[in-house]
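According to our numbering, the sequence shown is numbered sequentially starting from 114.
If you're looking for bench data, these hints aren't it; they were derived computationally from the structure.
Any given hint could turn out to be false.
[Unchecked claim] Across the chosen pairs, the derived CB separations fall in these ranges: (1) Asp-119 to Val-219: 52 to 60 Å; (2) Leu-139 to Val-180: 47 to 55 Å; (3) Arg-143 to Leu-168: 26 to 34 Å; (4) Met-114 to Thr-147: 28 to 36 Å; (5) Val-219 to Pro-138: 19 to 27 Å.
Predicted, not measured: the structure shown is a model, and the values here were computed from it.
In this text, a Cβ means the ideal position worked out from N, Cα and C, and glycines have one as well.
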Amino acid sequence: MSTIIDLLIRYPLLELFLIAALGYPLGKIRFFGTSLGVATVLFVGLGFGALHPQLVLPDIVFMLGLVLFVYNIGLSSGRNFFASFRRKGLRDNLFVAGVLAVGFIVT
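Model the full structure from these sequences, guided by the hints.
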């Protein structure tokens with residue numbers, strides 16, 4: 114196990130893509146009719162980070178991972194986000210924007 118951790122410490126890009134390669138298929142597994150989806154990648158990353166204190170990503174690799182994570186979230190929920198505007202979503206989003214504006218003005 115320590116040789117695998119040493120390999121991942123030496124090659125952080127391998128660590129990143131191993132986390133994505135494990136997390137994405139695990140997210141498709143259903144428990145009681147629901148699944149975590151691409152958010153499972155985040156939990157796999159947390160698990161890898163708990164293995165060893167030196168198992169960290171350089172800043173550029175961290176940003177790449179964050180971009181890939183946000184991209185995957187956008188792919189999985191983008192269709193529903195824009196479909197909500199056709200229903201009552203536009204009204205709800207304008208309400209939230211108004212609440213944020215009032216909070217900004219008050220503080």
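Enumerate the violated hints, using their earlier numbering and listing them in ascending order. When the structure is compared with the hints, numbers 2 and 5 turn out to be violated.
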